[in-house]
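Input sequences plus hints: build the corresponding full structure.
Chain by chain, the residues:
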Amino acid sequence: MTDITKEPENSTNKQGYWASVARDGKKMGFWFILPTIILLLFIVIFPLFMQLYLSVTWWTPLEGIPWYRAWEVFSWGDNYVYQFTDERVWGALWRTILIMVVAVPAQFFLGMSLAYLFMDNFPGRKIFYSIMLTPMMIVPAVVGLMFYLLFQGTGPINVHLGLPTTFSWLTDVNRAMISVIIADVWQWTPLMFLILLAGMLGVPSDQLMAAKLLGGSNWQNFLKIILPRMKAVIIIALVLRAVECFKIFDLVYIMTKGGPGVQTETISVFLYKMTFGEFEWSYVAALGLTILFVLSILAAKGLAYIAKKDG
Amino acid sequence: MSSIQINNVTKRFGDFTAVEDLSLDIEEGEFVALLGPSGCGKTTTMNMIAGIEDISEGSILFDGQDLSSTRIQDRNIGFVFQNYAIFTHLSVYRNLSYGLEVKKINKSEVDSRVRAMADRMSITHRLEQPASSLSVNEMQKLAIGRSAIVEPRIFLLDEPLSNLDAGFRAYMRAELKVLQHEFGQTMIYVTHDQIEAMSLADKIAIIDQGKLMQYGSPLDIYNSPDNRFVANFIGSPGMNLIDGKLREEKSQLKLMVHGGAEIPLKGQVKSNFTSDGSVHSGSFGIRPQDIYFGDKRSSNDIEMKGIVDVLERVGPKRIVHLQVSETNFIAFDDQDQLKLGEKVSFFLPSEKSMAFDEVSGRRLGVI
Amino acid sequence: MKVSPSSLVLKYFFVLFASAIVLYPLIWMVTMAFKPYPEWTTVAGLTWLPKNPTWQNFEFIFFGEAKGLVVSLDRTITGPFIASLVTSICGTIIAVVAGTLSSYACVRFGLAKTLPLSVLQLRLFPPLAVMIPVMVMWAFLGAVDTWWGLSLIYGIVTLPFAFWLMKTFFDEVPIEIEDAARVAGCSYWRVFYRITLPIVKPGLATCALFVFILNWSDYLLALLLTQKDWVTLPVYMATLTSAMGGQMYGMKAALGVIAAIPPVVFGLMIQKHLVRGLTFGALKQ
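Chains as they are written, first to last, in the numbering used here: chain P, 27 to 337; chain E, 676 to 1042; chain H, 19 to 303.
These are computed hints drawn from the structure, not numbers from a lab. Note that the structure is a prediction, hence the values are computed from the model and not measured. Some hints here could point you the wrong way.
[Stated by the list, open to error] Straight-line alpha carbon distances no greater than 27 Å define the calculated DSS-like cross-link-like pairs of lysine-lysine that follow:
(1) H/Lys-302 <-> P/Lys-335
(2) H/Lys-302 <-> P/Lys-250
(3) E/Lys-779 <-> P/Lys-250
(4) P/Lys-334 <-> H/Lys-290
(5) E/Lys-920 <-> E/Lys-779
(6) P/Lys-257 <-> H/Lys-29
(7) H/Lys-302 <-> P/Lys-53
(8) E/Lys-941 <-> E/Lys-929
(9) P/Lys-327 <-> H/Lys-302
(10) P/Lys-52 <-> H/Lys-131
(11) P/Lys-257 <-> E/Lys-941
(12) P/Lys-327 <-> H/Lys-131
(13) P/Lys-152 <-> H/Lys-290
Take a look at the structure:
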């Protein structure tokens, strides 16, 4: 076994800068953090300022002028004002929230039920567990494709439900939304299941046993012992899923492209269409910043609440 | 209140046999200790009684009834875990009331019973506080109270006192004994601490490596150990156990100890060794407190000569290690007279000495 | 503990039912990939298994044409597959290296205390809310439709996961080990490189696979930042058209199967650590 604390024999005792870095914790830490800081500055901070700049102009790439000359088409706060009266914005927001409010609780209850099912060991549990996790590992775009195929008028769902081929899902004004929600629930319930099961198994087993010995039925123990101890886990699962659900794009765009019309146009789909449909880039920039602003405030409030609870 | 019959119970975990052919009869209202070294299977046995573990072979009967197909929830067995398993997310009150709540007993009755129990266990002042804020001693009381409040048919305690500080342990020992008499329940108590077992239990079951070594009252176990293991395990410091081969020399029977020492055998212990003609080697056992110095008190007492090797003070007493060739005898220096390096004579009363078979470990000369 | 047979039967019923729902779309897509054109829709009668199983669809996407098919493809799967592979790997390298180093510096030297939270915030926002300036910049830098342009974005977008995941693994290395090495004379770098890293090697592997899965699964960023040459598998799959139009369900299904396999394989490999990665270290299995 070589002694790793000794310098390799044939190295000249480097007096150079890097040798001093290796010996100084603070210096080394600085260099370690540097790549991340550079990435953040380059791809996050600087673009943010650019976005601010663009958002107060009327600039679009169709304009014919390069972006740094966007000041030539200053618009001040017009983009921001327009946001609030733009029906399409509110519609997209409403639809996104609708999906969130239906899909996330559905995933939660299904995930919780599955977790309860998997809590106690049974033969084959491991295999079924892996099967149950699969949907969330499928590339979201592929999930979109899968459900696109399934929900075709001439597709298997209609056949297996005994519905006529004229019964449309993805092109029907009401059912398009349902199809998207079903796809999302299919894909992400396993995530809820994964997280909630981990939380459930984290409940001390001897306390559970003590509850049983005291005469508590499985259901009573679940309500009084397991669930209360899962509070933190439940919040984590719900927040994580809500945030991701708000961002939903792949599924919706591939299944319906936001249609029919704008019936399934979520915020992300709407922004995409603005970007590559109508090329209103400065408007999108303004919208983006507004979303950033609102979400940051919500996140800050949420964190403050959590910090307060932890004392 | 229930009697418990453990009939030829065996428990296997895969290839490993944790408990082997264990049989015990515990009577109603008895306080029985399951005593043994770590890993001997005592907790596994208790888990099987509670229904936490399945029984591989054999049966456990409660008042003659086999409960193995009954759910744990319906067995009405009180169990105090080693780490108490208090519901840390609930208040002390809710911990106590849990067993009653799940039976859907009405609120006022729950309240009166909870307060009565809290009073009994002297934790009334903590009722509204979170159970996690309790001290270890209070948690112990809460654990017991929580189980007792549902009036179970038997009470199982898994090393309940091992986490407590020494002073409190003595107090709780007394408390437990009082509680047991008050509730009149059958209590089974797992411990590795023999002092606890000896002071609390009506009967002790000594278990080693999954097998029952001896089952009897504390006095029986102390005075008449069935085998080498029990003799060695009980008593602090443990019995001197010296192995050797029997040799007849000029009509004198001696135990030739590996290492050079010789113990001439006389009187009771001699007849113990010769009781079974097939035995040619064995262990000689004598408790430290039975070894004496000074003048020989009886002609059947065995005289040995040794060098004082180590002197240890243990409280008011002094333990002395006497070296005879390569063998050590442990005794008490009551008169505080011995000095290190001194050559002394010491005596082994043959009536108090015991003989054990080398192979099986059982005590020789017992009918 | 005896479980009553009736409750076991009930449990299996629900588990099997759930498994059936989980497998339904997957089975459908896989069988679709092996079905010839007429069997794609119910027009010719829809069945579970292909009546005439064929490799046609796979042939088509790999070679651009297949016997029995009139249509042909402009570009085959090889380009997008390589694009996905290269950008995912490079993005993973960027995220894991930057994330591991900064995570270590944060955990051990207490530097940049705001970094963990800021990095977490990156995941809070819908990509499109912040991509406009990136697209402008990328166009300006000539990074659109390049392997390095996409890899760079992948790296920054998955950096939060790498950071937090490695943070949990570093937290599990007892500081005593590092202190002992320091006392014995190791420089900080030596401690990191020769002691800590080997200990977290499995964690590092898990992190790399996890980030790779995320990068491979991306659709939106590739959609925004590639056009032709470096289109990735998901984008290619979604926009597949033949030289003569047409539904191409079977081919898309074949592509879907191919695209889905790596993340599922890797995902099952790192199953144990999935909770950790997905909750940014808040929970462990």
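Quick rundown of the hints versus the structure:
Under the criterion of a C-alpha separation no larger than 27 Å, the hint pairing H/Lys-302 with P/Lys-335 is consistent with the structure, at around 22 Å. The hinted pair formed by H/Lys-302 and P/Lys-250 meets the criterion: a straight-line CA distance of about 23 Å does not exceed 27 Å. A distance of roughly 14 Å separates the Cα atoms of E/Lys-779 and P/Lys-250; the hinted pair therefore holds under the 27 Å criterion. A C-alpha spacing of about 32 Å is found between P/Lys-334 and H/Lys-290, which places the hinted pair above 27 Å, so the restraint is violated.
Annotation: proposed proximity of E/Lys-920 to E/Lys-779 is violated, straight-line Cα distance about 68 Å (limit 27 Å). Taking the CA atoms of P/Lys-257 and H/Lys-29, the gap is near 25 Å; set against the 27 Å cutoff, the hint holds. Of the supplied pair hints, the one linking H/Lys-302 and P/Lys-53 is violated, its CA atoms being roughly 32 Å apart against a limit of 27 Å. Note on E/Lys-941 and E/Lys-929: the hinted pairing holds, with a Cα-Cα distance of about 9 Å set against a maximum of 27 Å.
Simply put, P/Lys-327 and H/Lys-302 have alpha-carbon atoms about 26 Å apart, close enough for the 27 Å limit, and the pair holds. With a CA separation close to 14 Å, the supplied pair P/Lys-52 and H/Lys-131 stays within the 27 Å bound. A threshold of 27 Å between alpha carbons decides the hint, and for P/Lys-257 with E/Lys-941 the separation of about 74 Å lies outside it, so the pair is violated. Pair hint P/Lys-327 plus H/Lys-131 holds up; C-alpha atoms about 19 Å apart against a cutoff of 27 Å.
The straight-line distance between the Cα atoms of P/Lys-152 and H/Lys-290 is roughly 12 Å, inside the 27 Å bound, and the hint therefore holds.
Against the hints set out earlier in the document, violations occur for numbers 4, 5, 7 and 11.
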